[in-house]
Amino acid sequence: MLKLNGVVIKYKKRTVLSDVSLSVKKGEVIGLLGANGSGKSTLLSVIAGAKKAESGEISINDISISQKVDEYRKHIGYVPQENPLIAELSALDNLRIWSELSKDELMELISSPPLSILGVYEFAEKKVNDLSGGMKKRLSITATLIRKPELLLMDEPFAALDMVAKHDIMEYIRTYKASGGTTIIASHDEMVLDFCDRIYFIDNGKVVEINRASGIRYIDLLRGAENAK
Amino acid sequence: MQNNGQFKRTLRADVKRSVRILPGFFLTSILFVIIAGMIVVYAKYFVFDKEIFTSVKVAYYVDTDDELGKNQIDIIRNMDSVKESAQLIPVDSEEEGIKLMQDEEVTALLIVPNDFVSDMGSEDSAIRVYYNGDDSFESYLVNDIVIIISELYGKARNAVLTYKQVAADFGFDAEAIDKGYNTLNTRLLSEVFSRTEGYETVEIDSSGMYTLSQSLIAAMVVLIMFLMCFQLTGFYKGYNKSYKMVQTMSGMSKFKLALSRLICGSSLLFVLYIFMFVLIWLFKKETKVSSIITIIPVLILISGITLLLSEIISSEYVVNIVIFLGVVTLLYLAGGFVPMVMMPRFVHSLAPWNPMTYVLKYMMFILY
Chain A
1 MLKLNGVVIK
11 YKKRTVLSDV
21 SLSVKKGEVI
31 GLLGANGSGK
41 STLLSVIAGA
51 KKAESGEISI
61 NDISISQKVD
71 EYRKHIGYVP
81 QENPLIAELS
91 ALDNLRIWSE
101 LSKDELMELI
111 SSPPLSILGV
121 YEFAEKKVND
131 LSGGMKKRLS
141 ITATLIRKPE
151 LLLMDEPFAA
161 LDMVAKHDIM
171 EYIRTYKASG
181 GTTIIASHDE
191 MVLDFCDRIY
201 FIDNGKVVEI
211 NRASGIRYID
221 LLRGAENAK
Chain B
1001 MQNNGQFKRT
1011 LRADVKRSVR
1021 ILPGFFLTSI
1031 LFVIIAGMIV
1041 VYAKYFVFDK
1051 EIFTSVKVAY
1061 YVDTDDELGK
1071 NQIDIIRNMD
1081 SVKESAQLIP
1091 VDSEEEGIKL
1101 MQDEEVTALL
1111 IVPNDFVSDM
1121 GSEDSAIRVY
1131 YNGDDSFESY
1141 LVNDIVIIIS
1151 ELYGKARNAV
1161 LTYKQVAADF
1171 GFDAEAIDKG
1181 YNTLNTRLLS
1191 EVFSRTEGYE
1201 TVEIDSSGMY
1211 TLSQSLIAAM
1221 VVLIMFLMCF
1231 QLTGFYKGYN
1241 KSYKMVQTMS
1251 GMSKFKLALS
1261 RLICGSSLLF
1271 VLYIFMFVLI
1281 WLFKKETKVS
1291 SIITIIPVLI
1301 LISGITLLLS
1311 EIISSEYVVN
1321 IVIFLGVVTL
1331 LYLAGGFVPM
1341 VMMPRFVHSL
1351 APWNPMTYVL
1361 KYMMFILY
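Residue numbers (this note's numbering), protein chains in the order written: chain A, 1 to 229; chain B, 1001 to 1368.
Because the hints were derived from the structure by calculation, they are not lab data. Every residue gets a Cβ at the ideal spot worked out from N, C-alpha and C, and that includes glycine. Nothing false has been slipped in among the hints.
Per label pair, the in silico range of CB-to-CB distance:
no.: 1; chain 1: A; residue 1: G37; chain 2: B; residue 2: W1353; range: 44 to 54 Å
no.: 2; chain 1: B; residue 1: V1278; chain 2: A; residue 2: N36; range: 51 to 61 Å
no.: 3; chain 1: A; residue 1: R174; chain 2: B; residue 2: T1248; range: 23 to 33 Å
With a straight-line cut-off of 16 Å between C-alpha atoms, the simulated EDC-like cross-links for lysine to aspartate or glutamate are:
no.: 4; chain 1: B; residue 1: K1237; chain 2: A; residue 2: E88
no.: 5; chain 1: B; residue 1: K1244; chain 2: A; residue 2: E82
no.: 6; chain 1: A; residue 1: K126; chain 2: A; residue 2: E88
Throw the hints in and build the complete structure from the sequences for me.
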């Protein structure tokens, strides 16, 4: 479904990631792990089409990002680490920015499975300013999902969330996967390991897939990356 | 089509945000309008009428052989109303007067022709008024002086012509008529009756003929608009980086994102202008109603500058400081608060390069 081949990413003339090649199949949940500042978010935003790669090829369902970027982007839903919300508006008004549906139709959509798992309908009329961090993250994910993407990219979706919010979001990702959706999660949280099909680890500008059967611990990977510096 | 839909939805969201800040926006504007109104009233009644008028210099030229003309000017110079308006400075030639104008030593130059009094009524007896007309305050004062002098000469001309006619009708001899004519001239010069006839104005910029209070009101309107932008910066900065990024992914260009906010910001300023216009109109009935429409480019400009600064500068606080210092300085240098004539010479030379000079001129043009 998603293919990256020889992708090089630079930031202010410094090479952040070099020769990234990976492929993701439909329905997979992929974990992208690495220390803070390792380039997880940058890679995710490049896959999302929000930033440009220096070189290499990226495609989704054989649609190349370099040739048809608008078409490419239609297949992708991106939840950045910072919530892309407007603070003065209600949760429902924020959702309406991203959907042509009327208020009633949107309420119907978010209060029905599978989106009801995220529970946004419970605080739809509240202003974003008055929402907790967990609520905002649920809302950000819902805002992305109402556009029905095939590939969901989530940047640190569990950062600073309470257990209930984490549980609900994980629950939704499982449901999304069951319905054929594909997810890539960038995180430095070990709990991601539990429900991802495959894990990629970013180490000193390289993206390597971890063989989970080897039983290597995430903390050892991080220590190894730290020592290599 | 999909992009248009996204733009409409974004605009709808921005309109909702605008409506939410409207009450606070309106209340703050009332405070600013009250303060500005007090400044205008104070300036109009306690500053402009007494102190500043004395600083305008107007050169005049009368031929050395024309004793009668010189006497007339001396009488005018010593009139109280003229003393309050300007200093009349004698020059020895027309060229010297023009040189003084070019050096910006004087605001205007009056050329009184030879034998002006005796030729009054003929086509060659017009007093010429040279004037640059770049500044509304100065043009206002020069206009004031011209009117005062016109009244004086108009009266003299009328009386002299009447005397000549009556004397001729009664069959007086030529010597007696001339004697009476000279006596009459001297007496009439200290009186004021009619105005304007016998004058030819040269290069007067009629668009600059605004009163001091009109000029100050225009400056205050511009200042309040910019000060209200303090609230707009928060509105403009309501998009975080992620929101902009996701919008871009959805096909919204940076231009469209800016346009949506610009429309709403300008609309908020428009509502504020309607409010200010009503207040101005209550006190100055000559204010043009058409300014409700012609103000729109100014509102877009002000809103656009604020949006641009909000995009470039990360801190909302710094944006507001930049706007405040920038606008107050430029308005001051454009003669918005203190008439240009009171400014040092170098400020005069800066005025053509100051964009606020043209904003102020446009404001006065559309308001009055």
